[in-house]
Amino acid sequence: MVTRDLDRIRFITRHFNDLQGLSVWVPLGLVALGVGAPAPLRAVVLLGALLLTLGAKRYYRNTFGEVDLEPADSTAELCPASIFSPAGQSSRIEGFRQVTPIARHFLITVTLALVLFSFFQSVPPNILIQGEETLGQHPQVLLEPAPFFGPPLIKILAGGVVRSPSMLRAVVAQSMYALYGSVFLGVWFWRGRRWSQSHHLVLAALLLGLSILGTSLAYIARPDGMIDPNIDLILPALVYPGMALLLCGSSMILAGLVDHWQIVRALGPRTEEESR
Amino acid sequence: MSTTPFEQLANLDRRVHDPARLAILTALSACDRADFLFLQRITALTKGNLSSHLSKLEEAGLVEIEKRFVGKKTQTLVHLSDAGRHTIEGYWKEMEELRESAVNWRPNLVPAPSAG
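For the protein sequence lines, the chains are A and B, in the order given.
If you're matching positions, the first sequence starts at 1 in my numbering and goes up one per residue.
If you're matching positions, the second sequence starts at 1 in my numbering and goes up one per residue.
Chain A extracted, bound-state conformation (with noise of 0.2 Å):
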């Protein structure tokens, strides 16, 4: 037994729950994939998402057992023992020690990312979108300063500024990203930024930076509304709410994936003595 394993399985006992990527994080993401499809299809989804948590949290109890997490005790970690360890030195048992709640990192980093994105909408100029994504048309930007239109009253509430419905379209994408980014990088440091869950990380980077891609369009464009072709292939993905349900349903769905993979790698599979 060495350190490696105990810190193995101290993780896993203690994440073993939010690991059950097929009851959590695939239904999530399958939501998001959900909301964004056409409305027939949208019911069956939602219903699959629904049937897959009930069905997913049935095989992880009958397959993996069951952990229990106080809540005082979810934020307790024991630090990594080193005295195995070829490191040796480099690390100490500290004994239990408390690491920042859950809620701190969800609330602080959703908080601070969302933060920077309304500071980073509200500096560049204003720039106008054109283009349909319900009618599959490729979005063009251009440099122009959205009208200002709307009620007075929602002028006032705004600071003075309504953007246009397509440049609000493309806010709540960017937005999305922001938000699902976020939550990402929240479970990455949750995690106890683990190398074995920098898919979490990958993702968060991702979705992050096509928020900050999407929110400097204004300084990526020419002044003719041209831009880098290889943004502009990009260009629907980041100004468009579909897509981005679209790539945050799938990234949350192949977080979901990568989690259940290493709950069934690191627990195995189930053995005949057990099936008896």
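For the record, the hints were derived by calculation from the structure and aren't laboratory data.
Watch out, some of these pointers could steer you wrong.
[To be verified] Restricting the straight-line Cα-Cα distance to at most 30 Å, the calculated cross-link-like pairs of lysine-lysine (DSSO-like) are:
#1 A/Lys57 x B/Lys67
#2 A/Lys57 x B/Lys72
#3 B/Lys73 x A/Lys57
#4 B/Lys93 x B/Lys56
Let chain A serve as the given structure and place chain B on it in line with the hints.
Just chain B, lined up with the frame of chain A:
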């Protein structure tokens, strides 16, 4: 009184130091309680081995075992007792002290008497 790392090693709590029991206690220290199936999965022990180790830990007062019916099946739930939590924390402290003393330890070599 200072002790050598070897003496410290010999004085480690054997109830905890056994690899299988250490794995069980480590898992239980990371949660409120876990069921038998999960402990079997995470420690990769057979049913018989796990039962045996759990019995020893229960006899030592380190874990508490409760059984309940879920449908027609019996579910065995295990959790660390207060003494068990205290013991595993103490064990890690001892291991850390042992690590430090092992790093600082130098053999007390007595020069061999010269011949002639």
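When you check the alpha-carbon spacing of A/Lys57 and B/Lys72, does it fall within 30 Å? Roughly 19 Å separates the two Cα atoms, so the pair holds.
Hint consistency between B/Lys93 and B/Lys56 [alpha-carbon to alpha-carbon, up to 30 Å]: At roughly 23 Å apart (the allowed maximum being 30 Å), B/Lys56 and B/Lys93 satisfy the hint.
Does B/Lys73 pair with A/Lys57 here, judged by a C-alpha cut-off of 30 Å? Measuring from Cα to Cα gives roughly 17 Å; hence the hint holds.
Is the straight-line distance between the alpha-carbon of A/Lys57 and that of B/Lys67 30 Å or less? Measuring from Cα to Cα gives roughly 21 Å; hence the hint holds.
Checked against the numbered hints above, the structure breaks none of them.
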